[in-house]
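**Q** One letter stands for each residue in the lines below.
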Amino acid sequence: MVKEIYLDNAATTPISKEVLADMNDKLKNVYGNASTLYQLGRNSKRILDRSRHIIAQSINADDNEIVFTSGGTESDNTAIMQTALARKKLGNHIITTSIEHEAVLKPLKYLENHGFRVTYLPVDSKGNISLSDFKKALDDDTILVTIMTGNNEVGSRMPIHEIGEILKNHQAWFHTDAVQAYGLLDIDVKKDHIDMLSTSAHKLNGPKMVGFLYRRNGINYPSFIKGGDQESKRRAGTENVPGISGFATAVKNLPSTEKKHRQDVYYQYKKEIIDGLKKNQIDFEINGELNRHNLQHVFNIWIKGISTYVMQANLDLAGIAVSGGSACTAGSIAPSHVLTAMYGTKSPRISQSIRISFGRYTTESDIQFLIKNIAKIVKQIKKRKQEEV
Amino acid sequence: MLEVRPSIVDSPESNRNDGDIYMVEKDKSHTRVIVGMSGGVDSSVSAYLLKKQGYDVVGVFMKNWDDTDENGVCTATNDYKDVAKVANQIGIPYYSVNFEKEYWNRVFKYFLNEYKKGRTPNPDVLCNTEIKFKAFLDYAIELGADYIATGHYAQLVRDDQGHNHLLRALDSNKDQTYFLSQLSHQQIDHVMFPIGGMVKPKVRKIARDAGLYVANKRDSMGICFIGEGNFKRFLSNYLPAKPGKMMTLDGEVKGKHDGLMYYTIGQRKGLGIGGGGKYGNEPWFVIGKDLSRNVLLVGQRYHNPHLYSTSLKASGLTWINDASKYGKDFRCTAKFRYRQRDTGVTVHVSDDGSSVKVDFDDPARAVTPGQAVVFYDGKECLGSAVIDAAYNHAKKLQYV
Numbered sequence: 024m025v026k027e028i029y030l031d032n033a034a035t036t037p038i039s040k041e042v043l044a045d046m047n048d049k050l051k052n053v054y055g056n057a058s059t060l061y062q063l064g065r066n067s068k069r070i071l072d073r074s075r076h077i078i079a080q081s082i083n084a085d086d087n088e089i090v091f092t093s094g095g096t097e098s099d100n101t102a103i104m105q106t107a108l109a110r111k112k113l114g115n116h117i118i119t120t121s122i123e124h125e126a127v128l129k130p131l132k133y134l135e136n137h138g139f140r141v142t143y144l145p146v147d148s149k150g151n152i153s154l155s156d157f158k159k160a161l162d163d164d165t166i167l168v169t170i171m172t173g174n175n176e177v178g179s180r181m182p183i184h185e186i187g188e189i190l191k192n193h194q195a196w197f198h199t200d201a202v203q204a205y206g207l208l209d210i211d212v213k214k215d216h217i218d219m220l221s222t223s224a225h226k227l228n229g230p231k232m233v234g235f236l237y238r239r240n241g242i243n244y245p246s247f248i249k250g251g252d253q254e255s256k257r258r259a260g261t262e263n264v265p266g267i268s269g270f271a272t273a274v275k276n277l278p279s280t281e282k283k284h285r286q287d288v289y290y291q292y293k294k295e296i297i298d299g300l301k302k303n304q305i306d307f308e309i310n311g312e313l314n315r316h317n318l319q320h321v322f323n324i325w326i327k328g329i330s331t332y333v334m335q336a337n338l339d340l341a342g343i344a345v346s347g348g349s350a351c352t353a354g355s356i357a358p359s360h361v362l363t364a365m366y367g368t369k370s371p372r373i374s375q376s377i378r379i380s381f382g383r384y385t386t387e388s389d390i391q392f393l394i395k396n397i398a399k400i401v402k403q404i405k406k407r408k409q410e411e412v
Numbered sequence: 024m025l026e027v028r029p030s031i032v033d034s035p036e037s038n039r040n041d042g043d044i045y046m047v048e049k050d051k052s053h054t055r056v057i058v059g060m061s062g063g064v065d066s067s068v069s070a071y072l073l074k075k076q077g078y079d080v081v082g083v084f085m086k087n088w089d090d091t092d093e094n095g096v097c098t099a100t101n102d103y104k105d106v107a108k109v110a111n112q113i114g115i116p117y118y119s120v121n122f123e124k125e126y127w128n129r130v131f132k133y134f135l136n137e138y139k140k141g142r143t144p145n146p147d148v149l150c151n152t153e154i155k156f157k158a159f160l161d162y163a164i165e166l167g168a169d170y171i172a173t174g175h176y177a178q179l180v181r182d183d184q185g186h187n188h189l190l191r192a193l194d195s196n197k198d199q200t201y202f203l204s205q206l207s208h209q210q211i212d213h214v215m216f217p218i219g220g221m222v223k224p225k226v227r228k229i230a231r232d233a234g235l236y237v238a239n240k241r242d243s244m245g246i247c248f249i250g251e252g253n254f255k256r257f258l259s260n261y262l263p264a265k266p267g268k269m270m271t272l273d274g275e276v277k278g279k280h281d282g283l284m285y286y287t288i289g290q291r292k293g294l295g296i297g298g299g300g301k302y303g304n305e306p307w308f309v310i311g312k313d314l315s316r317n318v319l320l321v322g323q324r325y326h327n328p329h330l331y332s333t334s335l336k337a338s339g340l341t342w343i344n345d346a347s348k349y350g351k352d353f354r355c356t357a358k359f360r361y362r363q364r365d366t367g368v369t370v371h372v373s374d375d376g377s378s379v380k381v382d383f384d385d386p387a388r389a390v391t392p393g394q395a396v397v398f399y400d401g402k403e404c405l406g407s408a409v410i411d412a413a414y415n416h417a418k419k420l421q422y423v
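Residue numbers (my numbering), protein chains in the order written: chain A, 24 to 412; chain B, 24 to 423.
Next up, chain A with everything else stripped away, as it sits in the complex:
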């Protein structure tokens, strides 16, 4: 039998048993529309309020600063498009990084086509931006800075706190896409002077199609989704109470200590993979940097000489799910813009890398199984190549 080893937790995570139990209960019992004025509606409202409180506390925000959305993409789109719309009279410049998620890059591309000026901060080979580049880019026209908390492909972290400090006395609003970081890092929006922050529930063993956008009191723009007056008129549409409740349960299961613990465990997994591959004499390099600071759940490696699609397909056939980059519709794998930004378009890393990402249910034996299989695949392919010569 083929085992199922799931090592693509940066793409999405399985729902935890606590979340599943909670959502089952809410789906069955709490079905009222939270905007209604009878008991069933009040039941839903109570669950919403409770969930919002748990989530607000997790980032040191006030309850009314949390707007539930359909997930990370909607949160990012809202923060970017609506800021541009609300503030275009104050300037037309936006600063971001070259390694943001598509949910940030695509709206920015759209705004560029509509007259906005966007600065894409470059990254070094470790996936880091430089603060001096940022300071240089910032000008009187800047109305928005959108920089991710941590990267989804290589795990590098952006200097959020420092940027927040710099922007404290600048007109630009500061948005950060924390979709990958939220489940692993303690985030304090007040301490870091964050104006807007995006998250998604399904990255931390919660349900899909739920997320929130934190929006600091004082930051105002028209709702992106227009309709009813839900979410204090900031996001129309009947609230997904079971999903939101499940999200809150997932967050409740991630206290500071648990997040620190996971960062430690995942860091050890990385070291085990490095040791295991070395022991098997596999020629590889890390994309980005191994350090204690980065997001530890993503590990991106360049296995020299083995193309991404061959490695990914072979691992899949062995029952192991890893990421080989996003597949475009025609089936070919599109080159990663993150690796391209770090290493240039000509680097063999672009076509010979895989991303391994850990989650709550990853086990020690999963890691060993992965190492064993990578070694097996590399040996088979190398052997065949030698036979041809």
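Source of the hints: derived by calculation from the structure; they are not laboratory data.
Straight-line C-alpha distance at most 30 Å; calculated BS3-like pairs for lysine-lysine:
{"no.": "1", "chain 1": "B", "residue 1": "Lys51", "chain 2": "A", "residue 2": "Lys408"}
{"no.": "2", "chain 1": "A", "residue 1": "Lys405", "chain 2": "B", "residue 2": "Lys86"}
{"no.": "3", "chain 1": "B", "residue 1": "Lys419", "chain 2": "B", "residue 2": "Lys380"}
{"no.": "4", "chain 1": "B", "residue 1": "Lys255", "chain 2": "B", "residue 2": "Lys336"}
{"no.": "5", "chain 1": "B", "residue 1": "Lys157", "chain 2": "A", "residue 2": "Lys327"}
{"no.": "6", "chain 1": "A", "residue 1": "Lys132", "chain 2": "B", "residue 2": "Lys104"}
{"no.": "7", "chain 1": "A", "residue 1": "Lys395", "chain 2": "B", "residue 2": "Lys49"}
With the hints as your guide, set chain B onto chain A.
**A** Below, chain B without anything else, positioned relative to chain A:
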């Protein structure tokens, strides 16, 4: 290379059932077959039949041509969507592999170069030799394949040495051995053609009975990268066209041509000449090309004598299996283009074995430089060469 399994038994002539592969070997569930899936009904049914027989089947879609638009967006190819739908229906994993670079370098450059020379190449022959049964085969082996399979209409039979021989398909209308004729036995020793022993209506029926999404999908037409689009416009993107005169052999100017590369020997359509010749209203045909003067030679009548040849010379001779038993001079049958009846021929192989002279039993029409001449011994496809010149007795016809 994969090891050859001596235990394999293959009997293509006897009671062949639907898609039965006739290979007795290690447990089928441990025999990985990687199927080249195009999203069409033939390869879909091939994958379906193999899965039903219990093989460890994996579907792979080959992307050989870049149809990315100017925004750098890789467009949704409906074919890949169909592969995904059918593969999920059958319950097999599927992947895609990109051979655009290989196709460009090994097939398309040759294709253009042949047109530049005024010849009419057959890229589908080369695509099989260089891509489907080379690059794809290599990729499949990297995925642990024991065999690859495709939806080609052709059959295989294994000899005592474990080498596969290529036989015509059961459905003679669909037989694709012409396109497979440049392969070597090493390229087909680990191949399966699950539908080669079936007629097309039966393949359709299997697809319909199984409820495959693509059961009623139209057959694809034309060269893969051009599709059914405008061939002239396509070619003009890559090669500068040099317009010139259309003339009869007597030197009478009949009109203008758009560039010699756009025409092939024996072509009737698209000349824009109606009647007005020695033979009254008889239609006009391309009967030759004069590259030095950039003149397209035209003549009347389907059976124009200048379209008929009695022998040809061809180079790049390849045999699928060792052909030494036939000697240097032998009789067999041959096709000079796809979808043509065989002609009885006498083959004379050059001393170095790289080229042939082929004498026809009966004159053949429109033997075109650039096309493959493919040799058959009964049902077996022996090999092929690329036609360089056609002759009417001693006289070389001015075809390029």
